[in-house]
Amino acid sequence: MNFSFIDILCVAFLLICAIFGYRKGFIVQLYDIISFLLVLFLVYLLSEPLASIWTIYSCDQSDFIASMIGNMINRLIVGFILFIALMIIKKVIGVFVKPALKGIMHSLALTSLLDRLLGLISHVLEGIITLYPVLIFLVVPFYPQGRTMIEQSFLAQKIVDMVPSVSQTVLDMTDLLQENQNMETYSQDILARLTLQALTFDIIDEQEALKIFEKHIFQSNGQSIELNASQFEQLKNLLENAHYSPQQIQDFLSQIRM
401 MNFSFIDILC VAFLLICAIF GYRKGFIVQL YDIISFLLVL FLVYLLSEPL
451 ASIWTIYSCD QSDFIASMIG NMINRLIVGF ILFIALMIIK KVIGVFVKPA
501 LKGIMHSLAL TSLLDRLLGL ISHVLEGIIT LYPVLIFLVV PFYPQGRTMI
551 EQSFLAQKIV DMVPSVSQTV LDMTDLLQEN QNMETYSQDI LARLTLQALT
601 FDIIDEQEAL KIFEKHIFQS NGQSIELNAS QFEQLKNLLE NAHYSPQQIQ
651 DFLSQIRM
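Heads up, the sequence shown is in our numbering, so the first residue is 401 and it goes up one at a time.
The reader is advised that the hints may include incorrect statements.
What the hints assert, rightly or not - The list that follows gives simulated cross-link-like pairs (lysine-lysine, DSBU-like), each with its CA atoms no further than 30 Å apart:
id: 1; residue 1: K491; residue 2: K558
id: 2; residue 1: K615; residue 2: K636
id: 3; residue 1: K611; residue 2: K636
id: 4; residue 1: K558; residue 2: K490
Since the hints were derived computationally from the structure, they do not count as laboratory data.
Bear in mind the structure is a predicted one, so any value in this text is a computation, not a measurement.
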């Protein structure tokens with residue numbers, strides 16, 4: 401991998417985080433760490449119910465698979481907007497909380513240098529976590545050749561790989577939206593992975609997932625489907641729960657490569 405322009409931007413951002421962290425110290429940064437983790441938890445908790453009542457992105461509802469993909473994209477967009485809104489609220493609350501934390505800092509036995517070094521490290525870690533949604537939800541889907549740019553980078557690629565399941569889902573959806581115009585041309589690999597991910601997100605149920613596999617994937621003229629080990633096990637459990645015979649399950653799974 402090459403150290404690319406986007407890596408330079410990431411390094412510059414992390415250097416700024418390091419400077420601010422060193423200046424603020426660890427005790428003040430403690431608020432940012434705890435509140436940031438709370439923001440991530442709330443995004444995880446609230447994105448699904450909000451996406452069910454707030455539609456920002458939608459596809460052709462007459463096409464079941466396109467509708468499924470649209471619902472997944474809508475949930476990711478709603479989650480990202482919620483993340484930004486909660487981060488703003490976190491900053492506003494911090495204006496009132498951080499002065500009190502500065503007073504606490506002086507009552508603890510941390511030396512000034514140790515406090516600043518811990519602040520630097522924690523702020524850089526927060527910066528890395530902040531870069532992840534920016535790269536995967538903004539650069540990859542909306543920047544021309546965003547996926548290629550990430551894949552040809554070093555640091556940005558490492559950051560995107562921190563949460564591989566979410567990253568792969570976004571990459572797959574981006575491929576479908578940018579390269580395919582109708583359901584007949586969809587990559588079977590991508591469609592299989594997205595179906596399993598949609599099942600994990602509770603966007604579709606097991607019967608709907610089976611319908612997609614039977615109609616669009618297992619009837620692909622002998623074309624093999626690439627899944628990782630966990631996806632293979634998820635599909636195997638799905639087929640077993642559907643009460644297929646052992647021979648039918650073996651026939652289906654014979655089309656899978658890992």
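Hint check results:
In summary, the hint linking K491 to K558 is supported, as the alpha carbons are separated by about 27 Å, within the 30 Å threshold. At most 30 Å may separate the alpha-carbon atoms for a hinted pair to count; K615 and K636 meet this at roughly 17 Å. For the proposed pair K611 and K636, the alpha carbon gap of about 15 Å is at most 30 Å, so the pair holds. The straight-line distance between the Cα atoms of K558 and K490 is roughly 27 Å, inside the 30 Å bound, and the hint therefore holds.
The structure agrees with every numbered hint stated previously.
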